[in-house]
Amino acid sequence: MEKEPTNGEKKLTCGDKAACMQLLEMILDGQADDDQCAQLESKLEKCLPCFEYYHLEKTIREVMKSKCTNKEVPKDLLSNIREIIAKA
Amino acid sequence: MSDNPRQEYSEQEAAQVFDEEFMPHIDAMYNFAYRLTFDEDEAKDLVQETYLKAFRFINSFQQGTNAKAWLFRILKNSFINDFRKKSKQPAKVDYQEVETYYNSDDVDFKGTSDLRVDTVKDMLGDEISNALNSLAVDFRTVIILCDLEGFTYEEMAKILDIPIGTVRSRLHRARNLLKDKLRSYAQSMGYDN
Chain A
7 MEKEPTNGEK
17 KLTCGDKAAC
27 MQLLEMILDG
37 QADDDQCAQL
47 ESKLEKCLPC
57 FEYYHLEKTI
67 REVMKSKCTN
77 KEVPKDLLSN
87 IREIIAKA
Chain B
64 MSDNPRQEYS
74 EQEAAQVFDE
84 EFMPHIDAMY
94 NFAYRLTFDE
104 DEAKDLVQET
114 YLKAFRFINS
124 FQQGTNAKAW
134 LFRILKNSFI
144 NDFRKKSKQP
154 AKVDYQEVET
164 YYNSDDVDFK
174 GTSDLRVDTV
184 KDMLGDEISN
194 ALNSLAVDFR
204 TVIILCDLEG
214 FTYEEMAKIL
224 DIPIGTVRSR
234 LHRARNLLKD
244 KLRSYAQSMG
254 YDN
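Protein chains in written order, with my numbering: chain A, 7 to 94; chain B, 64 to 256.
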């Protein structure tokens with residue numbers, strides 16, 4: 007049986023990419039249970055594609071969150087809402 | 064508006080619920096509205112309309128349940144029912160593309176990306192923002208709800224009126240499309256990719 011190529015300790019190919027990506031997305035989205043989360047460390051330690059996928063997805067989420075949620079609310083919006091409700 | 068049993072708030076209680084449970088979400092609501100409409104005035108109108116509806120139907124809101132998810136659902140419905148129809152902006156959705164993506168809940172997790180972590184970190188806010196804005200509204204929406212606002216799959220299913228399986232598959236496809244856009248940006252901007 008052919009041995010999987012490795013990069014140091016990490017495998018260069020993922021044996022079950024679909025299942026791993028699904029699991030990693032659930033972990034990043036906070037939707038995984040404790041047993042699933044417990045698999046994260048060993049996956050990232052042993053598998054280069056999983057390691058790269060996880061860190062890319064994590065980075066995209068972090069960068070988006072820091073750069074796409076900063077639209078300032080117009081100053082008069084709050085007062086307009088209160089005014090209309092007070093008249094209702 | 065809600066599956067919750069109807070409440071009967073006094074005027075004072077209603078004002079308290081409105082101030083303490085609804086108003087703290089105005090920043091997130093405005094950001095969501097702006098990402099849907101791409102127009103400051105329309106976003107403002109959409110948020111205002113959402114809050115007025117929330118006040119009118121406040122007895123459908125059960126105190127202690129997720130006010131933010133409840134408000135986002137109203138905003139999303141207002142956008143679909145009213146704003147998208149009268150919006151100056153033409154619909155950008157390629158329905159054929161969307162249907163092809165949506166027809167199955169099966170998710171293709173085989174896709175991979177040669178986009179690098181450092182490339183994404185080096186991108187400017189505008190590049191990230193433009194990539195997100197360029198997605199069809201249904202894909203953009205799931206990314207906003209999940210990645211920017213932190214809703215769970217279950218909450219997203221309720222906000223969007225779709226099954227959880229569809230939330231997961233739509234989200235995965237949206238992220239793949241986003242990575243395609245980011246990769247294109249990276250190449251066009253000459254980032255080392």
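I should point out that these hints are in silico values taken from the structure, not numbers from a laboratory.
Mixed in with the good hints, there may be bad ones.
Derived DMTMM-like pairs: lysine to aspartate or glutamate, alpha-carbon spacing no greater than 20 Å straight-line [as the list claims (entries may be wrong)]:
1) Lys73/A with Glu190/B
2) Lys81/A with Asp82/B
3) Lys17/A with Glu51/A
4) Lys77/A with Asp90/B
Computed far set for chain B versus chain A, every beta-carbon distance over 10 Å [what the hints assert, rightly or not]:
5) Ala106
6) Ser192
7) Gly253
Positions of the beta carbon are idealized from the N, C-alpha and C atoms, including for glycine.
Here's how the hints hold up against the structure:
no.: 1; hint: Lys73/A with Glu190/B; in the structure: 10 Å, holds
no.: 2; hint: Lys81/A with Asp82/B; in the structure: 17 Å, holds
no.: 3; hint: Lys17/A with Glu51/A; in the structure: 9 Å, holds
no.: 4; hint: Lys77/A with Asp90/B; in the structure: 8 Å, holds
no.: 5; hint: Ala106; in the structure: 8 Å, violated
no.: 6; hint: Ser192; in the structure: 5 Å, violated
no.: 7; hint: Gly253; in the structure: 19 Å, holds
In summary, the structure is inconsistent with hints 5, 6 from the numbered list given earlier, while agreeing with the others.
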